[in-house]
Amino acid sequence: ILYRRSSFIKALWLSALCGIVIDLLTDRPFGIYALNGALITLCLYRLRIYFVDKAIGLATYTALISLLASLISRLFFALYGDALPFTFVSILTDFCVMPLVDALYGALCFSLPPVLYRSIKKLYFRFLLMRAQSKKEALDNG
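Position 92 (the sequence shown) corresponds to 92 in the numbering used here; numbering is contiguous.
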């Protein structure tokens, strides 16, 4: 959502600031997550135009961001000597399961609520219209 509504410089700063917040909450070397966020923005900001403004587009873009974040994080951890072991389970979770769960979370929490709101609003107004018509018919018949 940030990438769709912000200029490149603003998105770069905001992603770095989000990384700094994560850096403050972890015991990893300071700056890894800020650099990670900035690199992800550098790589993927220009691709935002290829994803539609629908739930599936947001979910796909979120999965791509999560995949790249996992890849860059693993690379940085290896450079700083905190390398995580490359096992089948870790590769499966970091590069398949986690991006899919992030995509599902993005779709459910950011795309689904407006769709549900519009649907409920439409049904409610239809209910009010039918109620008003039934009252009018009752007055005409009575």
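Mixed in with the good hints there might be a few duds.
Stated by the list, open to error - Derived pair list, reagent style DSBU-like, types lysine-lysine, alpha-carbon separation capped at 35 Å:
no.	residue 1	residue 2
1	K136	K121
2	K122	K136
3	K54	K10
4	K122	K135
5	K54	K135
6	K121	K135
7	K54	K122
Said to hold, decoys possible - Between beta-carbon pairs, the in silico distance windows are:
no.	residue 1	residue 2	range
8	C96	T26	21 to 31 Å
9	A83	F30	12 to 22 Å
10	V115	T26	52 to 62 Å
11	N141	Y117	28 to 38 Å
12	R131	L71	53 to 63 Å
13	P114	V89	28 to 38 Å
14	Y117	T87	36 to 46 Å
15	L100	C43	12 to 22 Å
16	L79	R118	45 to 55 Å
17	M130	W13	43 to 53 Å
18	C96	I22	14 to 24 Å
19	L123	W13	36 to 46 Å
20	L17	F77	39 to 49 Å
21	L129	V101	18 to 28 Å
Calculated directly from the structure, the hints in this document are not laboratory data. Just so it is clear, CB atoms sit at the ideal spot from N, CA and C, and this is done for glycine as well.
Tested hints:
no. : hint                    : verdict
1   : K136 - K121             : holds, 23 Å
2   : K122 - K136             : holds, 21 Å
3   : K54 - K10               : holds, 23 Å
4   : K122 - K135             : holds, 20 Å
5   : K54 - K135              : violated, 39 Å
6   : K121 - K135             : holds, 21 Å
7   : K54 - K122              : holds, 19 Å
8   : C96 - T26: 21 to 31 Å   : holds, 24 Å
9   : A83 - F30: 12 to 22 Å   : holds, 19 Å
10  : V115 - T26: 52 to 62 Å  : violated, 35 Å
11  : N141 - Y117: 28 to 38 Å : holds, 36 Å
12  : R131 - L71: 53 to 63 Å  : holds, 56 Å
13  : P114 - V89: 28 to 38 Å  : holds, 36 Å
14  : Y117 - T87: 36 to 46 Å  : holds, 43 Å
15  : L100 - C43: 12 to 22 Å  : holds, 20 Å
16  : L79 - R118: 45 to 55 Å  : holds, 47 Å
17  : M130 - W13: 43 to 53 Å  : holds, 51 Å
18  : C96 - I22: 14 to 24 Å   : holds, 22 Å
19  : L123 - W13: 36 to 46 Å  : holds, 42 Å
20  : L17 - F77: 39 to 49 Å   : violated, 22 Å
21  : L129 - V101: 18 to 28 Å : violated, 41 Å
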